[in-house]
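Here the protein sequences line up with chains A and B, keeping their order.
Take the first sequence: its letters are residues 0 to 369, numbered as in numbering that gives the first Met the number 0.
Take the second sequence: its letters are residues 0 to 189, numbered as in numbering that gives the first Met the number 0.
Worth flagging that the hints you see were computed from the coordinates, not collected in a lab.
Any given hint could be a false lead.
Said to hold, decoys possible - For lysine-lysine, the following DSSO-like pairs were computed, each having C-alpha atoms within a straight-line distance of at most 30 Å:
1) B/Lys154 - B/Lys101
2) B/Lys96 - B/Lys146
3) A/Lys337 - B/Lys5
4) A/Lys71 - A/Lys87
5) A/Lys55 - B/Lys31
6) A/Lys55 - A/Lys87
7) A/Lys71 - A/Lys55
8) B/Lys31 - A/Lys71
9) A/Lys83 - A/Lys71
10) B/Lys150 - B/Lys96
11) A/Lys94 - A/Lys157
12) A/Lys94 - A/Lys83
13) A/Lys97 - A/Lys83
14) B/Lys139 - B/Lys101
15) B/Lys96 - B/Lys154
16) A/Lys71 - B/Lys32
17) A/Lys55 - B/Lys32
18) A/Lys83 - B/Lys32
Take a look at the letters that make up each chain.
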Amino acid sequence: MKQPLELTGLISNLHTFFRSNLTPFWATVIEGALVLIAVLAAYAIIALALIYIERKITAFFQSRLGPNRLGKYGWIQSVADLIKILIKEIIHINKVDKVLFYAAPFFVIVSSVLTFGIIPFGQGLQAVDFNIGIVYILAVSSIGIIGVLLAGWSSNNKYSMIGAMRSGAQFISYELSAGFALMTVVVLSGTMQVSEIVESQRYAWNVFNGHIPAMIAFVIYLISGHAETNRGPFDLPEAEGELTAGYHTEYSGLQFGFFYLAEYLNMFIIAAIATTVFLGGWMPIQVQGWDGFNQVMWYIPSYVWFFAKTGVLIFFSLWVRWSFPRLRIDLLLNLEWKYLLPINLVNIIVMVVVVLLGWTLEDLFPIFRP
Amino acid sequence: MNPFFKYFSGIFTALGSLIGGLRVTWRELWRKKVTMQYPENRDTLQISDRWRSELYMPHDENNEHACTACGICMINCPNGTITVTSNMVENEEGRKKRVLDKHIWDYGMCTFCNICVITCPSDAIFFNNDFEGAMFDRSKLVHTLNKPGSKLREKKKNLPPTPLKGEKGATISPPKKQETQQGIDDKKVS
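Looking at chain B on its own, in the form it has when it is part of the complex (with noise of 0.2 Å):
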């Protein structure tokens, strides 16, 4: 090509494409704003339901948990986050059984990995997004889970262990099977 004309033509392509770019910036200049106000949208904020929190256990309302208190959690966490107490109490059968006293959980040492939740045996435990856990003191960071005259809840027959309804976080969901295997059973009724 003529050195000239590429001298010229070298400008006005540079022109065009710098007009490209204002014209981009432009567009982005009236796009929505992204920022979350976060004190004051606390009342439409989304939060993932795979965020973990705050470690909790769900109680129905007889006050019944479902830990047994093996302990399996407290061996599984990997920093000694979880201390899980227990009395030996004697049933009417006269048969000792493990009981949980306390379940003490350390927010401020979780690394939030879930390990607990994973390997509980009976899905005592999960994680809510309730991420508003600070404090100005460390020991309110130490929350024992198990409601104060909680106990055990008994097994029944049939029914899978479900978190309970109401509560937030839910890392399972067979309730939703359940009620889809329902409204297909009532189907069929009908």
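So that you can see chain A by itself, here it is in the shape it has in the complex (with noise of 0.2 Å):
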């Protein structure tokens, strides 16, 4: 298959040329330099724009225009809004515990990288690879709720202790489900290496080689998701009429950005973690023997795919975000402890029951296996 557009040819000639000029350890450390800073910048590319699409689509479900003014289409508004928070004053503020106050956003924006670095955006495009990635990233994501519980519990202030409790209970519930809902597709899959579950789901993506099990493991890994980032109807946490802004009452200038800004990523990771492990990740939508067809797919890059797919189900996040009422959290806890948790536990089981059965599309259909 012709790839014209992938970026792996680039790399691994950047590799070669830097394993043939200089000493391996050198070599390593500037190839992890530039890894760090790809990350970072595309960690801050991405916010901006999802930023920007979140105000519009925003806009235009509640028939307004949405920033406009700013550029054409008003695209430059949340570059502004970057440099806005970034000269703003960050207040001090007496009473607080100062070194858990200023390490909480730290936290939360740290685990919100790590996830941010497991998550392949194309072909080649993963800066690690574990082979227990799956297990990596329900143990990287759960540190962000560390520092949403300093952050309240260090403001001293009871709307934002209130709002940190909240957010913690909402997100250990619903942490579990997410994790059983990624167990399913690692029963399907056999794998715990994102890579190779991207590879396994060439022919046939999981949502559909799994059918009926992997289907329910995927609604309930989305709603899961929506808590676990405290958008859409499950933004409790910081429930404005209650508890004025929840957990980062208190912060200001660009600490309040950091929460801010790893609020919107997580609503991507969770949407790319979704993606590659129901969706397919890169894959272009393949169909065995079709080769003109598959070729055709080819041609359009890889990342390409993974962005399209990822941005489906973020409009989807923000679908249901403008559409359903905020829930009560005597609700929300019932939703995870009665409905979603029992329901995951019967799927899981489900699903070994299919796997061992042979059930699955990639047995029972030769054209889809790889």
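Using the hints, build the complex out of the two chains.
Rendered as structure tokens:
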């Protein structure tokens, strides 16, 4: 298959260039630094793009136009907002627990960046690829909640505290569901390595390959993902009517910006992981035997496929956000502990049965086998 | 109802109502946007006739207005926005008559309550809807409503006092009535 726009060639060229001109130690250091810069730059750019997209789509759902003054269709607006938040004063608050208060935003953003690293953006565009990738995702994305709890605790403010406690209860509950939904896929694809999960979905995406249990897992993952990012109908940790802004009430300037950025990136990360695990990641749509069709699909570079699939899920997240009213805290926990978790536990057993009995699409129809 | 059945039917009714909600917002997404882009749409902008913006005094083609300088608007104004200055002028018959010198209205102090327009006995002043009245200097908000060199319109018989045609913001519409009356008369003639 010809892939004219892929970046794999560029990356391997760089790699051989550094290897041939430097000692192995320095080559590794420089490559590491380049990857770090690329990840952080992608992080910032995706956050800016997401903020713009969210504002636009929100406006369209409310029959407004959204930002449209700065640049064509207002596309510079979020850059201007970034500059504004960078030059804002950080207000120092007297009776906070200083160390924890200033450490909290870093927990949130570091957790978000670490999770960001494992996302395969395209062929060869993955910063870390462990053989226990799914466990890594679950472990690293859970660090964020420590930052949220620290922020609420150290702010010395009862509304922040209530917000943080709600957020903690919500996050820990829904992390279970998200974990089980991902485990369902691990059962299906038989590996935890993200790159192999993507590779195994060459002809049948997991959501189709595992049909009923996989679709249930997909829906449950989307619901619990929304809940984990404190967005959509699950944004009661920052219920502005009751708690002003929840755990980040006392934060200002760039520290608030960290929370804000992490929230947007978590939305992207949830959508990206759902894409990778259920919707075939960066794999183009391919049908076995249709070589012409496959070639056309491969002309579209893999990162475009990835961002298109992720974009659909992000749009869905925004659609849900502007459709449903906010849940009350008891109803929220009710949904998780009485509905999602039992369904999930049954679902994972169903998936095990489906895999063992050979009822997946790959087993039933040889055309879907890679 | 069987609690087991209730649990599952609850899930499906919830799903159904959630999808209903999503369908409503989906339709809303494609609806025509209501945002007005103000400076660009200035030509097509529709301001309601009831909008009160600037007080003005209609002048006809002879540079004549209807203000008799009685000062009722000034007396009735709740916050002293209007100042009417007048001169006493002796006419040909030797009778002293009050003549309007300046009708001064302060845009910055007006609350647009419309009392001056309602109480004016000779229907000399009206509110128009030219809403772009922002100025960089407060002194520019003080408007003198009568044009220089204008004078009081002589009373004519059987003509109700009317705001002039072509001016925006006519709050009363006697000309319309007159036209319809005339139309009926024309029909009778023909």
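Hint-by-hint comparison with the structure:
1. As the CA atoms of B/Lys154 and B/Lys101 are separated by approximately 21 Å, the hinted pair is consistent with the 30 Å bound.
2. The hinted pair formed by B/Lys96 and B/Lys146 meets the criterion: a straight-line CA distance of about 20 Å does not exceed 30 Å.
3. Simply put, A/Lys337 and B/Lys5 have alpha-carbon atoms about 13 Å apart, close enough for the 30 Å limit, and the pair holds.
4. Of the pairs offered as hints, the one joining A/Lys71 and A/Lys87 holds, with about 26 Å between alpha carbons and a cut-off of 30 Å not exceeded.
5. For the given pair, A/Lys55 sits about 15 Å from B/Lys31 by alpha-carbon distance, which is consistent with the 30 Å threshold.
6. This hinted pair checks out: A/Lys55 and A/Lys87 have alpha carbons roughly 24 Å apart, not beyond 30 Å.
7. Our distance criterion of 30 Å between C-alpha atoms is met by A/Lys71 and A/Lys55, whose separation comes to about 13 Å.
8. Proximity of B/Lys31 to A/Lys71 is assessed by CA-CA distance (about 20 Å); at most 30 Å being required, the pair is judged to hold.
9. Proposed proximity of A/Lys83 and A/Lys71 is supported: the alpha carbons are some 20 Å apart, at most 30 Å.
10. Taking the CA atoms of B/Lys150 and B/Lys96, the gap is about 13 Å. The hint holds against a cut of 30 Å.
11. Taken as a hint, the A/Lys94 and A/Lys157 pair is honoured in the structure, with Cα atoms around 13 Å apart against an allowance of 30 Å.
12. The hinted pair formed by A/Lys94 and A/Lys83 meets the criterion: a straight-line CA distance of about 27 Å does not exceed 30 Å.
13. Simply put, A/Lys97 and A/Lys83 have alpha-carbon atoms about 25 Å apart, close enough for the 30 Å limit, and the pair holds.
14. With a C-alpha separation of about 16 Å, the suggested pairing of B/Lys139 with B/Lys101 holds against the 30 Å cut-off.
15. Restraint check for B/Lys96 and B/Lys154: the C-alpha separation of about 15 Å stays at or below 30 Å, so the hint holds.
16. With a C-alpha separation of about 18 Å, the suggested pair A/Lys71 and B/Lys32 falls inside the 30 Å cut-off, and the hint holds.
17. The suggested pairing of A/Lys55 with B/Lys32 holds, with an alpha-carbon distance near 12 Å, which does not exceed 30 Å.
18. A C-alpha spacing of about 29 Å is found between A/Lys83 and B/Lys32, which places the hinted pair at or below 30 Å, so the restraint holds.
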